[in-house]
Amino acid sequence: MQFPSPVSLQFISELINATIVGSTNTLVTGINEIHKVEKGDLVFVDHPKYYDKCINSEASFIIINQPVDVPADKALLVVDHPFDAYCKIVNHFRPFEPSNKMKSDSSQVGEDTIVYPNVFIGNHVTIGKNTIIYPNVTIMDHCIIGDNVVIQSGSVIGSNGFYYNTKKNREVWYKKMPDCGRVIIQDDVEIGACCTIDRGVSHDTVIGKGTKLDNQVHIGHDTIVGRNCLMAAQVAIAGAATLKDGVTLWGQVGVNKTLTIGENAVIFAQSGVGGDLEGNKVYFGSPVQDAKIKQRELVWIKRIPELWDKVMKK
Amino acid sequence: MQFPSPVSLQFISELINATIVGSTNTLVTGINEIHKVEKGDLVFVDHPKYYDKCINSEASFIIINQPVDVPADKALLVVDHPFDAYCKIVNHFRPFEPSNKMKSDSSQVGEDTIVYPNVFIGNHVTIGKNTIIYPNVTIMDHCIIGDNVVIQSGSVIGSNGFYYNTKKNREVWYKKMPDCGRVIIQDDVEIGACCTIDRGVSHDTVIGKGTKLDNQVHIGHDTIVGRNCLMAAQVAIAGAATLKDGVTLWGQVGVNKTLTIGENAVIFAQSGVGGDLEGNKVYFGSPVQDAKIKQRELVWIKRIPELWDKVMKK
Amino acid sequence: MQFPSPVSLQFISELINATIVGSTNTLVTGINEIHKVEKGDLVFVDHPKYYDKCINSEASFIIINQPVDVPADKALLVVDHPFDAYCKIVNHFRPFEPSNKMKSDSSQVGEDTIVYPNVFIGNHVTIGKNTIIYPNVTIMDHCIIGDNVVIQSGSVIGSNGFYYNTKKNREVWYKKMPDCGRVIIQDDVEIGACCTIDRGVSHDTVIGKGTKLDNQVHIGHDTIVGRNCLMAAQVAIAGAATLKDGVTLWGQVGVNKTLTIGENAVIFAQSGVGGDLEGNKVYFGSPVQDAKIKQRELVWIKRIPELWDKVMKK
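As they're listed, the protein sequences go chains A, B and C.
Going by the numbering used here, the first residue of the first sequence is number 177, and it counts up by one from there.
Going by the numbering used here, the first residue of the second sequence is number 177, and it counts up by one from there.
Going by the numbering used here, the first residue of the third sequence is number 177, and it counts up by one from there.
Source of the hints: derived by calculation from the structure; they are not laboratory data.
Honestly, I wouldn't trust all of these hints.
If chains are identical, the list can't say which one is meant, so a pair holds when it fits in one copy or spans any two.
With a straight-line cut-off of 25 Å between C-alpha atoms, the simulated BS3-like cross-links for lysine-lysine are [what the hints assert, rightly or not]:
1) Lys344 x Lys420
2) Lys433 x Lys457
3) Lys470 x Lys277
4) Lys352 x Lys225
5) Lys344 x Lys225
6) Lys351 x Lys305
7) Lys433 x Lys470
8) Lys478 x Lys489
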């Protein structure tokens, strides 16, 4: 999340009661999670295993639980509990703001857009022109929805991500990351019934122009879907994944987090994608493989009995 | 879709600005998509690859982008853009009619039927007797729901199908087929929570008498489900499939479009059905096979190391 | 279900017009289904195949369609149609009570709990403190929801289970078991968007303290989920399963009914669990196996062509 305007490092250090290590005379532009961090951003780390990754990321400011060496153009904010400090900053800049109206006064709906009855529109939502929102849709805070978009009934846009700070040696194993990201649905996108699109935990979840989702599709937090993608029913994509333009996922495909699927890749139904995939190829299987290789394997399996006979009956 | 009453071919040709080739002195009874077309119907085709299939189908009238030979009992309607002409006809006979009421005045609810709060009922819906519609259900236009039906919360009946006219060489890759079909839910059907049943794109989606669906089941457009079928949670069936009577699909089964599953077939959980299946058999796997054959294959796979040892260690 | 207070066996026998075989001088404390029955409970059985299992269960009273030998501390209630008798008792003690309000007067919401607009709360529901219920959630009758719980939009808590009395030789193949159980959601549980959690058919469905569910998760009737479990998107668990504490199910995992998954087991995405699993292990596959064994099998399959060459080309 970018802050509304840059703030001094001093302000942040006072907010979270931190000791600054390094240059103090700079401005902080936002806060992000390690997968999405940019120059000028704050990030947090609380385990030595990830110290190097954070310090060498694009982040300019690292909230950390002990002083370490830091490059000259960066600064540390040392606190006992970096995760709690992260939450404090997020809640300061994007506080939880429940709404008791069906359409918040802080939201806007464009011309010629049809909003059916029983649609909930939260705070700071923008909906474009010539869009149709069917009954019983929920659009949570900070979503941006473009022109000529269709969202069918029962879908939820901007739900909170499934993302927890996990430590099994404390009483509360899973602490929810507060969500400060948004959902951005670009023009000409169509979303089926009973889909769920989580808002970004720290960045944005984006559905690219012209992309079409069938019913019961799930898109995780901070995932970026390109233009003209197709997803058939019951596809699920975990958090912070990237789908380039023109990707087609057939029914019930599952996609793991923080990976990239290349342009115009086609994934057959029920496949499970665990890692990056090159574009312009066709894939199948759980775990997924090149579709032709997978199909040949299915044939090879059928030949085992013949092999067995040949080898064992000699 | 059948028209409310037959119209002259002349009327249609003027509506879409087409040149008639063949006999003009006939009545058009409806319009349909190639998988569902009947005698008296219009159909459209815009790619030479499908010309023969369309001309040899049951359709009496073919909207096409060039003149071709046609049997004496059929006629062509030649236009530059057959898909756009199809859309124009559908929108003429079944125009989009958004409703701003929770229950449209054009809909009827039978005696002793319980409609919980927060249920949306669109235009031209008929609901039978002694039926229960739980909260937060959405029933869109033209659905017909029988007697003794149960629809649990969050389900969406009559959403638009996932069906696009696709051309990757134009600016807009995917153009939505306008939906003119209905959903027909016969007597004694029970539908779980958060299910989605798409209306027919050009025909009807039918759920047969006595069939029971668990939660989060998806049924695609124009699919015909027989009587006394069972579908466990998270089953997904694509468009224009046919399930005969007494079919059982266990949890998370996926079924491809335009195929037929025979009577009393049983498909084990997580299977993927890609083509027609004979009835009265048990199936398993993704891709699906006869369950016994699949189970034997799983055993054969476990014997590969033994084979390897025997062959390689000699 | 436990009755509000114990009733005489005489009262029950009159309600269902049964003949008592065995000791009559006892009190009946509740009614249950065979998987969940306890001492003092009624159970029913209508097929000789299951007579022994019922008579040897914890049940004190067996509704049965013919007299059989019974231990001295138990009694039979002989009727022609045990399933109908079961339904009559359930409907007597927990009658169907539709509500036409968005929040029933018989329900309670704790301090500092936020209920967004468009949430349906049925009869006899209890919601604890500091809980957030997002828009378009449905909470059906008798649910008990703890403190610090989050339920995201579109979710349905307390839907009826997918559980039918099946006889294919009568006109109505599937007769719905009337549900008399509850859903109990303990403190600190978080439930994603568009989840469905069925109430117990005869007992309770329980989600243990600190457990977190992603979007579009389905939990069947009478299933007991332990503490600090994690379920990623589109997990489905059938009825009457038991998950011990700390179990992790990744996306799209399916779990069969009436089985037990041990403490801290981890199941990788898209796996299918058909039977009991030991705790503290990692699993993968459909059908599921120890993850390491499954991964080795995937490697072995890739070696079949090499084996083939060696054996066939000699």
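A quick look at each hint next to the structure:
1. Lys344 x Lys420: Between copies, since 16 Å is at most 25 Å while 36 Å is not.
2. Lys433 x Lys457: both (20 Å within a copy, 22 Å between copies)
3. Lys470 x Lys277: neither (52 Å within a copy, 51 Å between copies)
4. Lys352 x Lys225: within (21 Å within a copy, 49 Å between copies)
5. Lys344 x Lys225: within (17 Å within a copy, 46 Å between copies)
6. Lys351 x Lys305: Result: close only across copies, 18 Å inter versus 39 Å intra.
7. Lys433 x Lys470: Close inside one copy (23 Å) and across copies (22 Å); limit 25 Å.
8. Lys478 x Lys489: both (18 Å within a copy, 19 Å between copies)
Checked against the numbered hints above, the structure violates only hint 3.
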